[in-house]
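**Student:** Listed here are the chains, written in short residue letters.
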Amino acid sequence: MGRTFALAMVFLSFALSTAKADMKELEAKAAAEKEITWYVSYPSAEDAELTARLFMQRYPAIKVNVVRATAQVIYQRLQQDIKNGVRNCDVFETTDVGHYVDLKKRKLVAKYTPEASKDLYPDFRDLDPEGYFHIIGSSMMTLMYNTKLVKADDAPKSWKDLLDPKWKGKVSTGSPAYSGFLGVWVVYMKQLYGWEYLDKFKANNPLIGRSSIDPTTHLNSGERQVAGGPAAIVEQLKAKGAPLEIVYPTDGSLLMFGVAGILANAPHPNAARLWMEFRIGKESNQIGIDRGGESLRPDGVIPAGRTEFRAVKYYRPKVDELVKGVPEAIERWRDTFGG
Amino acid sequence: MSDITLKPAPAPRGRLANLAPLEPGRLLWFGLAAVMIFLVVYPLWQIVSVSLHDSDGNFTFENYAKAFGRARYIQSFTNSLWLGVCACVLSLCFAVPISWGLARTDMPGKRFVWLGVIGAYVMPPFMGAIGWILLAGPNAGWLNRIFRSLSGMDVALFDIYTFSGLVFVVALYSFPLVFVFVNAALELVSSEMEDAGAILGASIWHVARRITIPIVLPTIIGAGIIVFLEAVSLFGAPALLGTPARISVVTTTLFEFFSNPVRVEVAAAYSMPLLLITVILFLLQYWVIRRRGYVTQTGKGGERRMMKLGPWRWAVFAYGFGVIFLAVILPLIIIVQAALSKAWGQGFSFDNLTLNNFRYILFEHSTAGQTVINSAMFSFWTATLAVTLTLLIAYIVNRKLVPFSSVLGFLAVTPFVIPGIVLAIGFYAAYAPPPLALYGTGLIMVLSFTTRFMPVAYINAASGMRSLHPEMEEAVRILGGSRMTAIRRVIAPLLKRSLAGAWLIVFIGATRELSTAIFLYVGATRTMSIMIYDLSEEGRFEHLSALGLVLVVATMAFVAIGFRVVGRDFMLKRS
Numbered sequence: 001m002g003r004t005f006a007l008a009m010v011f012l013s014f015a016l017s018t019a020k021a022d023m024k025e026l027e028a029k030a031a032a033e034k035e036i037t038w039y040v041s042y043p044s045a046e047d048a049e050l051t052a053r054l055f056m057q058r059y060p061a062i063k064v065n066v067v068r069a070t071a072q073v074i075y076q077r078l079q080q081d082i083k084n085g086v087r088n089c090d091v092f093e094t095t096d097v098g099h100y101v102d103l104k105k106r107k108l109v110a111k112y113t114p115e116a117s118k119d120l121y122p123d124f125r126d127l128d129p130e131g132y133f134h135i136i137g138s139s140m141m142t143l144m145y146n147t148k149l150v151k152a153d154d155a156p157k158s159w160k161d162l163l164d165p166k167w168k169g170k171v172s173t174g175s176p177a178y179s180g181f182l183g184v185w186v187v188y189m190k191q192l193y194g195w196e197y198l199d200k201f202k203a204n205n206p207l208i209g210r211s212s213i214d215p216t217t218h219l220n221s222g223e224r225q226v227a228g229g230p231a232a233i234v235e236q237l238k239a240k241g242a243p244l245e246i247v248y249p250t251d252g253s254l255l256m257f258g259v260a261g262i263l264a265n266a267p268h269p270n271a272a273r274l275w276m277e278f279r280i281g282k283e284s285n286q287i288g289i290d291r292g293g294e295s296l297r298p299d300g301v302i303p304a305g306r307t308e309f310r311a312v313k314y315y316r317p318k319v320d321e322l323v324k325g326v327p328e329a330i331e332r333w334r335d336t337f338g339g
Numbered sequence: 001m002s003d004i005t006l007k008p009a010p011a012p013r014g015r016l017a018n019l020a021p022l023e024p025g026r027l028l029w030f031g032l033a034a035v036m037i038f039l040v041v042y043p044l045w046q047i048v049s050v051s052l053h054d055s056d057g058n059f060t061f062e063n064y065a066k067a068f069g070r071a072r073y074i075q076s077f078t079n080s081l082w083l084g085v086c087a088c089v090l091s092l093c094f095a096v097p098i099s100w101g102l103a104r105t106d107m108p109g110k111r112f113v114w115l116g117v118i119g120a121y122v123m124p125p126f127m128g129a130i131g132w133i134l135l136a137g138p139n140a141g142w143l144n145r146i147f148r149s150l151s152g153m154d155v156a157l158f159d160i161y162t163f164s165g166l167v168f169v170v171a172l173y174s175f176p177l178v179f180v181f182v183n184a185a186l187e188l189v190s191s192e193m194e195d196a197g198a199i200l201g202a203s204i205w206h207v208a209r210r211i212t213i214p215i216v217l218p219t220i221i222g223a224g225i226i227v228f229l230e231a232v233s234l235f236g237a238p239a240l241l242g243t244p245a246r247i248s249v250v251t252t253t254l255f256e257f258f259s260n261p262v263r264v265e266v267a268a269a270y271s272m273p274l275l276l277i278t279v280i281l282f283l284l285q286y287w288v289i290r291r292r293g294y295v296t297q298t299g300k301g302g303e304r305r306m307m308k309l310g311p312w313r314w315a316v317f318a319y320g321f322g323v324i325f326l327a328v329i330l331p332l333i334i335i336v337q338a339a340l341s342k343a344w345g346q347g348f349s350f351d352n353l354t355l356n357n358f359r360y361i362l363f364e365h366s367t368a369g370q371t372v373i374n375s376a377m378f379s380f381w382t383a384t385l386a387v388t389l390t391l392l393i394a395y396i397v398n399r400k401l402v403p404f405s406s407v408l409g410f411l412a413v414t415p416f417v418i419p420g421i422v423l424a425i426g427f428y429a430a431y432a433p434p435p436l437a438l439y440g441t442g443l444i445m446v447l448s449f450t451t452r453f454m455p456v457a458y459i460n461a462a463s464g465m466r467s468l469h470p471e472m473e474e475a476v477r478i479l480g481g482s483r484m485t486a487i488r489r490v491i492a493p494l495l496k497r498s499l500a501g502a503w504l505i506v507f508i509g510a511t512r513e514l515s516t517a518i519f520l521y522v523g524a525t526r527t528m529s530i531m532i533y534d535l536s537e538e539g540r541f542e543h544l545s546a547l548g549l550v551l552v553v554a555t556m557a558f559v560a561i562g563f564r565v566v567g568r569d570f571m572l573k574r575s
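Protein chains in written order, with the numbering used here: chain A, 1 to 339; chain B, 1 to 575.
One chain only, chain A, in its complex shape (with noise of 0.2 Å):
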């Protein structure tokens, strides 16, 4: 029994050293690479140099370049580098995993498992079964409403409750054509309640912008009252003091995913590999989690007070809805909306 135990001590020991000696040269490498560029859609652009800054701390060798846009403007970014050969993007992070199902079967996109996946909670692990894209951060989409203008109790409890004409000209919105987190809303909201829900909305003269978090700043300033968008962001701007609640709708939270893979061509194809490590590594998922997200791994520290996704109703996307929901929901949108 002894005997048995120690050997195991001795396998486990020299499996952790030759993973730390793997992580060793990965890093080694990706120094002697130099530069990252990231292309990003997940996290805000304040988070994104926040987590880039962070990884710069850490390996002052590597200089990470941030490109950060809403996910059809960076994909369609992506898209131009491809069409014209250019190779820039090592890493690309979105928040439509259909961009992803499509770059994979074009194969332009690299297997690779991080190291760290198995850390993460289950919920989070094998995306992409076979290890081309994994999921980096998430988050929920919820409804938010200003607390000067709106009393808790007439706040809408649901996203049904955003079609009450009480809400006419009050409501704010961003747009599927640029936002993967309105992509997704789409098509949930199609689900529960067919296309006639855009049409309603569209009745109740929603105020549009473009990334989901613009309808955070139509609160912010009063502009509007109420609207669907990130939860990260109404944690971020409620500690700076601004007036806005989260409310978890009664027919189901969206629980959002940051998505990212590495590229088939990537100049800097180390320095990826570590990104990744270290993106859904213990630090990078604490901003996640600091910044208003969930957590993805046990690991993380959850600040007192915050709600959880499974402590809510919650509607977690599946991979092959959003292949064919997100574009069908933009062009619906833009016949909706005019553009």
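Quick list of in silico lysine to aspartate or glutamate cross-link-like pairs, EDC-like style, CA-CA up to 16 Å: (1) A:K83 <-> B:D56; (2) A:K168 <-> B:D154; (3) A:K157 <-> A:D251; (4) A:K111 <-> A:D128; (5) A:K83 <-> B:D54; (6) A:K190 <-> A:E328.
Think of the hints as simulated: they come from the structure by calculation, not from any bench. Being a predicted model, the structure only gives us computed values, none of them experimental.
With chain A held as given, fit chain B onto it using these hints.
**Tutor:** Same frame as chain A, but now just chain B:
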């Protein structure tokens, strides 16, 4: 083209004789033609070419069917045309009285008004749009808030998220373009003709209407056309104001064609009718100027005196002040407030004050600092390149040195018809891949910006050339000087003010360029305006106001340097 083919010299005698057909005028023509092919023809050809091919490279018209086969796309197209027309008319209304007031009358506060116009030009339209969102958003806009609290009525006085709101903002930041041209033209008009009118008993208004303005009418029309094309090519302001207002225009629709799945060929097809319209407008402008070609500056110096308006001079000042108040002062106040706020929506209070936004933008942000440097560098080279190039072209065209010289002039204004977004794709398709592989370099940014701003520089140079009678350079030629000597020693010094003005216009334009840059930048070549646009996508008004202020202040510093270098002649009246 046969006129310009080089015929071998029949009996070459020595090396110099060999070069005889390569007379400097022709040599210059060839050099410029090569540059123009690189900057304009080839990228443009790429766009035309992709519009006529499917993704497999087969010839097809289907892209055109796709581009115009949908009510929504046609609507965007008419929206753009309408936006162009309305913005053009409104900006003429803003600019012409101010230009006239500054150039021809004794209105007070001229320096202030002039600085204000420069301020309006320095302000990127998307910053203006942001300022006006903060001012005239139907619920949270400060003007509406003030109106509500004063009147007690629960209605919005202004709504910037409307078509008229969009026209207003576009005109407010395009009128300086008209101003610069019309003002320069008005300053060249000597008072003799006005005096003639006055002697015959015409009133001030009559003289202005029947003599002064008609003399500069070609310039006004030319400037109006520029504003039309500028308005049609704008991307930032329509994206910021049009999306919420549900008004799509050509540029935002083009952006849509470029989104997944990328349909560059449809986008190219979609932009073709615009090209046609601009060609027509260009011909129209050409026709107008041809019919009324006024040589207003000759070797004999004309005198220019200011008209005495009496008490009316205050009305003219008030008008100028009003426009500047709307374009610069009001939006700047609100942008400064946002830049210094923790949360701009919470208004003016000491608790809300912070400098953190500037610290974040300038020191904490991984790339914003670099974007400031990039913008300055790109703009400097763009302006220098564009002004040099267009002066040479304008000279050749105006003096008709070689047959077909006007082709160069046409090419120089052609980029105006190409919305920045499409131009970017043309450049992308032409020069991103090997052998040149310029994608990701600062060079492709400078070259595309140069192409984009060539029309402004060219029209400025051409109108300058038109006002210069050839007699002065003929003097140089008679005395044995070469053409280049004439350009260097006579034309350039005479047009110094005009060229410096053009340089500055291009420089400022390049610092706020967005629609071309947005498809050509990579992380390392991102400019401030892209950074601001990216920030605006999330509505982080505090950060983007801070960066926007840095942009405005930095550009203003360059303007001030321009004043120092060029002296008081610099875009200002000469007296």
